[in-house]
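Q: Protein chains in written order, with this note's numbering: chain A, 1 to 115; chain B, 1001 to 1112.
I should point out that these hints are in silico values taken from the structure, not numbers from a laboratory.
Worth double-checking, as some hints may not be accurate.
Which bits of chain B does chain A cover? Going by a derived footprint, with three or more residues having C-beta under 8 Å, they are [to be verified]:
#1 1013-1026
#2 1063-1071
#3 1079-1085
Beta-carbon label-pair distances, calculated as ranges [claimed, not checked]:
#4 L74/A / G1016/B: 43 to 53 Å
#5 L1094/B / L74/A: 22 to 32 Å
#6 K1071/B / A72/A: 33 to 43 Å
#7 G16/A / S1012/B: 42 to 52 Å
#8 R1051/B / V3/A: 18 to 28 Å
#9 G1016/B / S54/A: 31 to 41 Å
#10 Q1058/B / C13/A: 39 to 49 Å
Keep in mind that this is a model prediction, so the values were computed, not measured.
Glycine is no exception: its CB is placed at the ideal position from the N, C-alpha and C atoms.
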Amino acid sequence: GAVVSQHPSWVICKSGTSVKIECRSLDFQATTMFWYRQFPKQSLMLMATSNEGSKATYEQGVEKDKFLINHASLTLSTLTVTSAHPEDSSFYICSRRQGSSYEQYFGPGTRLTVT
Amino acid sequence: GESVGLHLPTLSVQEGDNSIINCAYSNSASDYFIWYKQESGKGPQFIIDIRSNMDKRQGQRVTVLLNKTVKHLSLQIAATQPGDSAVYFCAERLQGAQKLVFGQGTRLTINP
């Protein structure tokens, strides 16, 4: 069964509004989770590494004030897209590792459409 | 810098044939490699992984080969089935890093 869930699975919002996406680790306490963005027919691009109880580590070129990440518990990380614009429309996917393994378990993704 | 690329963006095979998906990586310091399968509208699913101290690893119907000399990784799928249709991504981990760097992906289509 799924080990990582995301909510919502899809969302449509108006330009200028903010949207929060939740990522839950269902069976493992994850100190580290990852957020990716995927545009159509493209690969996964890592946006940031979410660390429980501390600040997220953002990849180069990702605006930390626009993509707010909160990892307040060992089972929940949230990504908030602030002041969304149509170019933020994408497929957002989170993942987590398990223990010392480098394998990442992915959530089902959230389709964001900004109108 | 880090980069993982794929030789072919699309691959079509006959049902029942074997599929080979290739991946080139550029960073010789990468010590872990992984293949994921992604169906449309879903998150990636783990297929198989391999550490840099290995050349080959086999799973159920899948085999991953690693050639560190030429920095090449391949995924072999035996007796390809319609359910294998998806986009396949390779990813690498730079030694010491937590994150994975993904390749561009190959779309595998199965002809009946």
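Q: Hint by hint, note whether the structure agrees.
A: Hints versus structure:
no.: 1; hint: 1013-1026; verdict: violated (count 0)
no.: 2; hint: 1063-1071; verdict: violated (count 0)
no.: 3; hint: 1079-1085; verdict: violated (count 0)
no.: 4; hint: L74/A / G1016/B: 43 to 53 Å; verdict: holds, 46 Å
no.: 5; hint: L1094/B / L74/A: 22 to 32 Å; verdict: holds, 26 Å
no.: 6; hint: K1071/B / A72/A: 33 to 43 Å; verdict: holds, 40 Å
no.: 7; hint: G16/A / S1012/B: 42 to 52 Å; verdict: holds, 44 Å
no.: 8; hint: R1051/B / V3/A: 18 to 28 Å; verdict: holds, 22 Å
no.: 9; hint: G1016/B / S54/A: 31 to 41 Å; verdict: violated, 51 Å
no.: 10; hint: Q1058/B / C13/A: 39 to 49 Å; verdict: holds, 46 Å
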